[in-house]
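Undergrad: Chain by chain, the residues:
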Amino acid sequence: MNTRRRQSLVANPNACTGCRTCEAVCSLIKNGAISPDMARIRIERRPFEGEFVQGICHQCSIPYCLNACPVEAIGISEKIGTVLIDKDICDGCGQCEAACPYGVIVMDTEDEKACKCDLCNGKPQCVKSCPMNALGLVVFGNEVTR
Amino acid sequence: MKGKSGGWADKILRIDVSNRRKEVIPTVIYSGKYLGGLGIAAGIAWDEIRPETGAFDADNKLIFATGPLTGTLAPGSGRMEIVGKSPRTFPDEIVTRSGMGGHWGVELKRAGYDAVILQGEADSTLYVYIDGDNIEFHDAKEIWGKDTYVTQKRLKDKHGDHVQVVCIGPAGENRSRIATIVSETSFTSGKSGFGAVMGAKKVKAIVVNGSGGQIRVARPGRLVNLAAHYRELLGYNPMREWTVGYSPPDYHQRFYKKYRKGNASCFGCTLQCFAFIKVPELDPAQVHCINYYYMKPAYDFYGETLEGDQAVWQSVVLSNKLGLCTFEMAGFIPWLKDLSDNGLLDEKSSGLPLTKFGSREFIETLLENITYRKGIGDVLAEGAPRAAEMLPDAWSLYEKYYPAHGQTEHNSVRDYPAIALLWALDSRDPMIDHHAYRHLAVSRQRWPEPHGLAPEAAQAVSEKIFGTRTAIDHGTYAEKAKAVAYCQNRSAVINSLVLCDFLFPIFVSQSREDRMGDTAAESRLLSAVTGTDIDEETLNGVGERIWNVLRAIMVREGRTKQKDTLHPTNFQRTDTKEEASQHSVAIIAASHTQPIDRDEFETAKAEYYDIRGWDPETGRATRDTLEKLDLKDIADQLNG
Numbered sequence: 036m037n038t039r040r041r042q043s044l045v046a047n048p049n050a051c052t053g054c055r056t057c058e059a060v061c062s063l064i065k066n067g068a069i070s071p072d073m074a075r076i077r078i079e080r081r082p083f084e085g086e087f088v089q090g091i092c093h094q095c096s097i098p099y100c101l102n103a104c105p106v107e108a109i110g111i112s113e114k115i116g117t118v119l120i121d122k123d124i125c126d127g128c129g130q131c132e133a134a135c136p137y138g139v140i141v142m143d144t145e146d147e148k149a150c151k152c153d154l155c156n157g158k159p160q161c162v163k164s165c166p167m168n169a170l171g172l173v174v175f176g177n178e179v180t181r
Numbered sequence: 312m313k314g315k316s317g318g319w320a321d322k323i324l325r326i327d328v329s330n331r332r333k334e335v336i337p338t339v340i341y342s343g344k345y346l347g348g349l350g351i352a353a354g355i356a357w358d359e360i361r362p363e364t365g366a367f368d369a370d371n372k373l374i375f376a377t378g379p380l381t382g383t384l385a386p387g388s389g390r391m392e393i394v395g396k397s398p399r400t401f402p403d404e405i406v407t408r409s410g411m412g413g414h415w416g417v418e419l420k421r422a423g424y425d426a427v428i429l430q431g432e433a434d435s436t437l438y439v440y441i442d443g444d445n446i447e448f449h450d451a452k453e454i455w456g457k458d459t460y461v462t463q464k465r466l467k468d469k470h471g472d473h474v475q476v477v478c479i480g481p482a483g484e485n486r487s488r489i490a491t492i493v494s495e496t497s498f499t500s501g502k503s504g505f506g507a508v509m510g511a512k513k514v515k516a517i518v519v520n521g522s523g524g525q526i527r528v529a530r531p532g533r534l535v536n537l538a539a540h541y542r543e544l545l546g547y548n549p550m551r552e553w554t555v556g557y558s559p560p561d562y563h564q565r566f567y568k569k570y571r572k573g574n575a576s577c578f579g580c581t582l583q584c585f586a587f588i589k590v591p592e593l594d595p596a597q598v599h600c601i602n603y604y605y606m607k608p609a610y611d612f613y614g615e616t617l618e619g620d621q622a623v624w625q626s627v628v629l630s631n632k633l634g635l636c637t638f639e640m641a642g643f644i645p646w647l648k649d650l651s652d653n654g655l656l657d658e659k660s661s662g663l664p665l666t667k668f669g670s671r672e673f674i675e676t677l678l679e680n681i682t683y684r685k686g687i688g689d690v691l692a693e694g695a696p697r698a699a700e701m702l703p704d705a706w707s708l709y710e711k712y713y714p715a716h717g718q719t720e721h722n723s724v725r726d727y728p729a730i731a732l733l734w735a736l737d738s739r740d741p742m743i744d745h746h747a748y749r750h751l752a753v754s755r756q757r758w759p760e761p762h763g764l765a766p767e768a769a770q771a772v773s774e775k776i777f778g779t780r781t782a783i784d785h786g787t788y789a790e791k792a793k794a795v796a797y798c799q800n801r802s803a804v805i806n807s808l809v810l811c812d813f814l815f816p817i818f819v820s821q822s823r824e825d826r827m828g829d830t831a832a833e834s835r836l837l838s839a840v841t842g843t844d845i846d847e848e849t850l851n852g853v854g855e856r857i858w859n860v861l862r863a864i865m866v867r868e869g870r871t872k873q874k875d876t877l878h879p880t881n882f883q884r885t886d887t888k889e890e891a892s893q894h895s896v897a898i899i900a901a902s903h904t905q906p907i908d909r910d911e912f913e914t915a916k917a918e919y920y921d922i923r924g925w926d927p928e929t930g931r932a933t934r935d936t937l938e939k940l941d942l943k944d945i946a947d948q949l950n951g
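If you read the sequences in order, they're chains Z and C. Residue 36 is where the first sequence starts when you use my numbering, and the numbers rise one by one after that. Residue 312 is where the second sequence starts when you use my numbering, and the numbers rise one by one after that.
Keep in mind that a hint or two might mislead.
What the hints assert, rightly or not - Pair by pair, the computed Cβ-Cβ distance ranges are:
no. : chain 1 : residue 1 : chain 2 : residue 2 : range
1   : C       : N330      : Z       : V173      : 54 to 62 angstroms
2   : C       : G471      : Z       : P105      : 25 to 33 angstroms
3   : Z       : R81       : C       : D846      : 40 to 48 angstroms
4   : Z       : D146      : C       : P560      : 44 to 52 angstroms
5   : C       : P761      : Z       : Y137      : 35 to 43 angstroms
6   : C       : E928      : Z       : R81       : 37 to 45 angstroms
7   : C       : T933      : Z       : E147      : 38 to 46 angstroms
8   : C       : G443      : Z       : Y137      : 47 to 55 angstroms
Claimed, not checked - Reference listing, derived: stretches of chain C covered by chain Z, where coverage requires no fewer than 3 residues with Cβ under 8 angstroms from a Cβ of chain Z:
no. : segment
9   : 524-537
10  : 569-575
11  : 912-920
Treat the hints as calculated values from the structure; they're not laboratory data. Note that the structure is a prediction, hence the values are computed from the model and not measured. No residue lacks a Cβ here, since even glycine has one placed at the ideal position from N, Cα and C.
The shape of chain Z in the complex, shown without the other chains:
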């Protein structure tokens, strides 16, 4: 048992307009090209209902991805409590992707390894870029984690 200072994205789907700026900036920063498939944030667009819903990594208190990983490639950063994947250890089995209830683990098409939201080291670019202020960053207090 130890304590963890947790931070996480929060999303307001009522404000989202489905413009996908967050996906663009995320994939550009993390992968060097714009590719919504590779973004660590997902926008589900339902244009005929006017519903646009953000799929964000919640940096779970008890991370499903971390628990699913058979090779212990997923850990929690000490600095800001983010759930991180160590690409050197990851063997690309995809079990974390299958385990994530929010569908925000993506498999990198180039090296075939898993990747996820790392909160841009505490300064998430998606939050900064959202024209509707539909995304935010919350800092929780210390949490007890396993």
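Knowing the structure of chain Z, use the given hints to seat chain C on it.
TA: Frame of chain Z; chain C shown alone:
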């Protein structure tokens, strides 16, 4: 030093539906001279669309073109441009353009193509599916005849929710000259009748799957920073509020307060100008300014009741489902009312419930009769000017609502000299490309704080951009030609990148004390994306080149100096104030009651030709002008 490159997908896809073949052309053939979007489409149209080709001929091409900034992080990069021989232009079918927002163009680039050239005529109805190298032609039997919403839902059921679709409704199938191409609930390509061109080719839809594809950016870090900077500079554009009820009259605001669920937007937009509306018992959809064309008649008929609101909303949704242009309807509604009031139209012969003008029954009958070409609808489906020629005495009232080229009034040409020139010199309603000028010279000066612009601040901006304060003085035709040429060049650049003209050029910034914008934004964003530095002046030169190619196409199709004009009534008619305001159909009421002074107008036109380097007698670009713009081949063909 040559670094990473980015921007273009490097391929143009040609789809010939006659023989169900595809061909891939390297984008670089056109992009070097013409950037992308409107520019490359103009280059292709010059090479491939002959003057004698009719809009509905198999030889006509419909070019769907994105640009190097499409789908990048540049604000407002969700748009694309469609170019082809238009059935809607008047008096002749000529090549023109029509923009379209949304997400389809971005998906196309992710699928690996900068543009699609759609050509030929299928032997039976079909739709095209594009997924990288895989191009499929599918039978459209099950969706032909269906509205645009049903069509898209069926195609998404089949190919996946993530695909993007452009399609036509029954109006396009029936070759209505006022048919649109539609994506999602209300991203539409209107005014140029391109829906009917798709219909003539028997193409119901183009479905694109760009999954896994990417858009390359040469300098990602630079682009992220620039995009953030320009989002901040653009600030909170009041257009977002306008579509949620910012503009007068008050009943717009009440409607939105009751029914707005949120906003919707094109890809990568900082503005988010569509309101998303849900009215009981009707389809929900996004809506834009011109879509309220039926609001006043409906409220006059019902009052602000649920029934009235439903009539308003049905007029919007049914237009988009059937694939009819709401801008055309914005002209039809007051014109048909005027014809009816003057005894030139009656219920029996028209088949329209004219005594119930303003009712839901009236608008439903009108839209359906046009779509299915029943009764007078068959004539109206030809578009306003052609209908005015066919209906007895209808032309006598027609010109009040259509200033030039047969297109619906969009900002009064009589109120604003520069806008009159823009209209006269274009192939279609130009104002959809010139919101920046209009906002600086007109709209922002009327908006309340905090979005308003004091006249002195507007004049200072005008001086900085056009070198003169007179460029936005509506009392005179002096100093307008230069501003008009500048705005046209910039619009050619914006439509080629492709960015949204609601955001660019950034003439005015709401986030700056002095309200000064930054007209170098496009060149800086382009440099970051492509990795090749280009400055503002060079980009303006590219815009000038593109404008001259568009002009060369018009000249080849018979455009002359005499045709660079407005309908005659604008130079003759004197109105009362009340009449003037009635004639304006597009949100901003006209106030100018006097006719345009023809001498002043012609003098400004001559100044414009001089600035352009066009022959003062013929309005054709001189050989020297074209050669300076690196268009020697066009000079040879045009003059040789």
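Undergrad: It remains to establish, for every hint, whether it holds in the given structure.
TA: Hint check:
As the Cβ distance of N330(C) to V173(Z) is approximately 59 angstroms, the hint placing it in 54 to 62 angstroms holds. For the pair G471(C) and P105(Z), the beta carbons lie near 31 angstroms from each other, so the given range of 25 to 33 angstroms is met. Distance hint check: the CB atoms of R81(Z) and D846(C) are about 43 angstroms apart, consistent with the given range 40 to 48 angstroms. Between D146(Z) and P560(C) the beta carbon distance is about 59 angstroms. The supplied range of 44 to 52 angstroms is therefore violated.
In this structure the supplied range 35 to 43 angstroms holds for P761(C) paired with Y137(Z), their Cβ-Cβ distance being about 38 angstroms. At roughly 58 angstroms, the beta-carbon separation of E928(C) and R81(Z) lies outside the given 37 to 45 angstroms, and the hint is violated. In this structure, T933(C) and E147(Z) break the distance hint of 38 to 46 angstroms, their C-beta atoms being roughly 60 angstroms apart. Against the hinted window of 47 to 55 angstroms, the Cβ-Cβ separation of G443(C) and Y137(Z) comes to about 28 angstroms, which falls outside the hint.
Interface restraint, the segment 524-537 of chain C with chain Z: holds (8 residues with C-beta to C-beta distance below 8 angstroms; minimum three). Three residues within the 8 angstroms Cβ limit are the bar, and the segment 569-575 of chain C against chain Z gives 4, so the coverage statement holds. Coverage of the segment 912-920 of chain C by chain Z is violated in this model, with 0 residues showing a Cβ closer than 8 angstroms to a Cβ of that chain against a need of three.
The earlier numbered hints that this structure contradicts are 4, 6, 7, 8, 11.
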